[in-house]
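Peer 1: Residue numbers (the working numbering), protein chains in the order written: chain A, 190 to 575; chain B, 190 to 575.
To be clear, the hints were calculated from the coordinates, so they are not data collected in a lab. Computed from a predicted structure; not experimentally measured. Among these hints, one or two may not hold up.
Copies of the same chain are indistinguishable here, so a pair counts whether it falls within one copy or spans any two.
Straight line, CA to CA, 25 Å or less: simulated SDA-like cross-link-like pairs of lysine to any residue [what the hints assert, rightly or not]:
(1) Lys523 with Asp253
(2) Lys523 with Ala554
(3) Lys530 with Arg192
(4) Lys247 with Gly365
(5) Lys440 with Thr507
(6) Lys247 with Lys530
(7) Lys338 with Thr524
(8) Lys523 with Arg192
(9) Lys523 with Gly478
(10) Lys530 with Met190
(11) Lys321 with Asn494
There are 2 protein chains.
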Amino acid sequence: MIRTVGILGAGQLARMLAQAGKPMGLEFIFLDPAVDACAAEYGEHICADWDDEDALRKLGQRADVVTFDFENVPESSARLIESLCPVFPPPRALFKSQDRLREKTMMQELGIPVAPFEAVSSRPELAAAVEKIGLPCVLKTRRFGYDGKGQQVLRFQEDMERAWQVLGGEELICEGFVSFDAECSIIAARGAGGHTVYWPLTRNQHRDGVLAISKAPAFSAELQVHAEALVRRLMDHLDYTGVLTLELFLKDGGLLANEIAPRVHNSGHWTIDGGCTSQFENHLLAICGLPLGDTQNHSPVLMFNLLGQMPACAGEETFEAATNAAIHWHDYHKTPRAGRKIGHVTVTAEGEPGLRARAAQLAAALGVAAELDLQSVLRDDGARTE
Amino acid sequence: MIRTVGILGAGQLARMLAQAGKPMGLEFIFLDPAVDACAAEYGEHICADWDDEDALRKLGQRADVVTFDFENVPESSARLIESLCPVFPPPRALFKSQDRLREKTMMQELGIPVAPFEAVSSRPELAAAVEKIGLPCVLKTRRFGYDGKGQQVLRFQEDMERAWQVLGGEELICEGFVSFDAECSIIAARGAGGHTVYWPLTRNQHRDGVLAISKAPAFSAELQVHAEALVRRLMDHLDYTGVLTLELFLKDGGLLANEIAPRVHNSGHWTIDGGCTSQFENHLLAICGLPLGDTQNHSPVLMFNLLGQMPACAGEETFEAATNAAIHWHDYHKTPRAGRKIGHVTVTAEGEPGLRARAAQLAAALGVAAELDLQSVLRDDGARTE
Chain A
190 MIRTVGILGA
200 GQLARMLAQA
210 GKPMGLEFIF
220 LDPAVDACAA
230 EYGEHICADW
240 DDEDALRKLG
250 QRADVVTFDF
260 ENVPESSARL
270 IESLCPVFPP
280 PRALFKSQDR
290 LREKTMMQEL
300 GIPVAPFEAV
310 SSRPELAAAV
320 EKIGLPCVLK
330 TRRFGYDGKG
340 QQVLRFQEDM
350 ERAWQVLGGE
360 ELICEGFVSF
370 DAECSIIAAR
380 GAGGHTVYWP
390 LTRNQHRDGV
400 LAISKAPAFS
410 AELQVHAEAL
420 VRRLMDHLDY
430 TGVLTLELFL
440 KDGGLLANEI
450 APRVHNSGHW
460 TIDGGCTSQF
470 ENHLLAICGL
480 PLGDTQNHSP
490 VLMFNLLGQM
500 PACAGEETFE
510 AATNAAIHWH
520 DYHKTPRAGR
530 KIGHVTVTAE
540 GEPGLRARAA
550 QLAAALGVAA
560 ELDLQSVLRD
570 DGARTE
Chain B
190 MIRTVGILGA
200 GQLARMLAQA
210 GKPMGLEFIF
220 LDPAVDACAA
230 EYGEHICADW
240 DDEDALRKLG
250 QRADVVTFDF
260 ENVPESSARL
270 IESLCPVFPP
280 PRALFKSQDR
290 LREKTMMQEL
300 GIPVAPFEAV
310 SSRPELAAAV
320 EKIGLPCVLK
330 TRRFGYDGKG
340 QQVLRFQEDM
350 ERAWQVLGGE
360 ELICEGFVSF
370 DAECSIIAAR
380 GAGGHTVYWP
390 LTRNQHRDGV
400 LAISKAPAFS
410 AELQVHAEAL
420 VRRLMDHLDY
430 TGVLTLELFL
440 KDGGLLANEI
450 APRVHNSGHW
460 TIDGGCTSQF
470 ENHLLAICGL
480 PLGDTQNHSP
490 VLMFNLLGQM
500 PACAGEETFE
510 AATNAAIHWH
520 DYHKTPRAGR
530 KIGHVTVTAE
540 GEPGLRARAA
550 QLAAALGVAA
560 ELDLQSVLRD
570 DGARTE
C-alpha cells in the first residue's frame, strides 16, 4: 500500500497535489532546488539539483511512488529513480513532451491533427520552413519553453531575421500559426489498469502567453467525444498512468492539438471547486493504483489566474453577497513577483446565467475586465452541466 | 489582515480546519497537550496543558485570531488568550456549552424546545427528578461528556441506584428520555457582521453513543426553516462568530434541541465532499471576518464514520465502478485504537436513488450494514437538492 509519494518539483502543482493527498492519508517528500519552494511545507524537502544523484537516490528510497510537478527533469534522473521505485507518469511520456519536435511527430504519427511543422537548426532551414509552411508561422525552441517563453511569431518575411537573432543557436521548430476560434484543453486521468476518465473540455484564454482564464463546461458533447478520443490515443500509446493534459485549438469546428503536459495543469485548477473530483486527487489515485473519481462538474465554474501578488479584493466584502458566497481564493504562498503565478480564484454558480454575472463582477474587481475577452469565454457552445 | 490562526486543540477537527485554510493562504499554530496530535503537522505545535499560562500567552501572541477544536478548555485559559488577541467563537458560548445544565437553561430561556430536565447533586435530588420527569429518563454528567460517555439511561425505578453508583459524586442533570423519530443537526456559520448561513438539516444515526452516519439533504424545507430559526436565536443571543452545531431530535413532526457544539462538528464532515463550501472553510472565513461561502449541497451525500482503524476496503477496487468513483476517503492519520474516530468516508451521487444504491454497497463493504439502519437514514422526508 502506498503511503509516501515523492514529487520532483515542489511548486504550486506539487503543493495542490499535497493538499489533495494529505486528507487521503498520503505523506509527501519533494526534491526541488528552490530553497523557498511553496510545496515544501507539506513534507520533507530535499533541496538539491535535478541531477544530484544522492538526492535522487534518497527520494527513490523514501517514496513508494514518484511523480512530477515539473516535466523538464533530465532523463537520466528519472531513470535513476525508476531503478528504485515506480515512477508515474512513465519517464517515456516525459521525454516526448520535453521536446516539441518529438511531441508533434508522435502526435502526427498517431493521426492526431496538428498544425504543419518543420525542424529548424540553421538559418537556411528557417527560410525553407517558412517557405513550406507559409506566413504567419511561429518559431519556437524545442525545449524548456513555457508560458509563451522561447517563441517568436513571424508575420512578414522581414520578421525572420529578428526571430533568428532571438532564438537562433538553439534547436528550434517552426509551426504554422493557428488563428483559432477558441483555445481549449482536455484533461484526463488514466489508472493503472488503463481505465481512463476525462474532465469536461475546458475553454482557456491566454494573455501574453500565460493562461488567464479557464471555464468549464464550455463545449458540446460532440466536441467532448472528439477530444477524449485524441487524448486517449496518446495515453494508450504511452501506456500512461496519471493525469495528462492536451492543449488544443478549436478551428472551423475541428480540433488541432497544440501541446501536451504530462501532469496536472493550470487549466484544470477549476476542478478543485467545480468538479466532483479534482485533477490532483485523481492524479494521486491513479499513481497509487486506486480507483478514479468522478470527473464531471458539480457546478459550472470559471477560474482566473492571479499573477504578481494576491489582489486587494481577495477576501474583502467587494462583491454582491451571491458572488462573494461563490468565490474560492487560492493562495500558493509564494513570494510576490511581477508576472509570477501566485494564486488563482474560482467562481461557481448553479447555472450559466448566474456564472456570467458573477464572473463579470469578479473580473471587474480584479481589474482584468478590459484586457480579457470574458464574453467569448462565457459563450455557450452547447455546454451542459450534469 | 489575518494570516495566522491559533487553535486550542489539534485533533481531527483542527486538522480539517488547517486542510481547508492552507489553500486560502492561512498559517496555523496549535496548542494541545497530546504529543502525537494529528493536526500538529500543519503548523507549529505548542505541546502544553490547557492551563499552561506561558503556552497560552505564546499562542495569543503568535496568532492573529484564536479558535477551538475542543470546547472543554478552562474559562481562565480562554480569557487569558482573549486579553492578547481576538477569540472566536466568544468564550461565553464555550462556557455555556461546557455545562449541560447551563446550556439547557439557556435554551429554555430562549424558547427553544428541550426535553424536561432537572439538576441533580444528591441521591434525594435524583429521586425527586425521576419522580418529576418520569421514566424513562437519562442521567448525565453536566460536564466533559461526549460520544455517549457519562450517561446512564433509567428505564425502571431500580435503575436509579445503579446509575447513582456510576455517576454519583459529580454534578449531574436528569433529562427526559426522547424516543425520537429521527436524530438531526443544523450547522450554521455566523460572520463578524451577524450574517448567518445554514447547511441543510442533516440526518444522523448514532451507535453506542457515537455518530455513525450523517446524510444531507434529508428533510423538508419547512423543517429547515424551523431548525434555522432555533439555531439563529442561539447565535444571536451569544453574539456568535464562527460555526455552531445544534443537535436535535425530530419527534412527532417537531424539533427538540439536544445539545450545542460551539464548533465544527462530526455531522458536518459531509460538507467537504457534498457542499459548495465546507464547514471548515466557513468557520475560518467567519473568524477571519471574511464573506461566507454557499452552504447548499452540490450533491446528495452520506458520510460513514470510521472507527478503530481504516477499513481494508479503503481505496480497493471493492465496489462497482460508479460507487468507487463517488467515494472520498478521509484518513486523520491517527494511531489506530478500538473505537477511536480515525477517519470518515463520504459517498455522493447525482440523485437520491443513486445515493441509496451506492450507500448500501459501501455499508456492506464496511461491514456495518447489519448494525446500522441505513433505510431510515435514506428515507426521503421531503429533501430537495438544489
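Peer 1: Against this structure, judge whether each hint is valid.
Peer 2: Against the structure, the hints:
no.	hint	verdict
1	Lys523 with Asp253	between (28 Å within a copy, 20 Å between copies)
2	Lys523 with Ala554	within (22 Å within a copy, 43 Å between copies)
3	Lys530 with Arg192	between (30 Å within a copy, 20 Å between copies)
4	Lys247 with Gly365	neither (44 Å within a copy, 62 Å between copies)
5	Lys440 with Thr507	neither (38 Å within a copy, 43 Å between copies)
6	Lys247 with Lys530	neither (30 Å within a copy, 34 Å between copies)
7	Lys338 with Thr524	within (21 Å within a copy, 48 Å between copies)
8	Lys523 with Arg192	between (27 Å within a copy, 14 Å between copies)
9	Lys523 with Gly478	between (32 Å within a copy, 23 Å between copies)
10	Lys530 with Met190	between (35 Å within a copy, 21 Å between copies)
11	Lys321 with Asn494	neither (37 Å within a copy, 65 Å between copies)
Comparing the model with each numbered hint stated earlier shows that hints 4, 5, 6, 11 do not hold.
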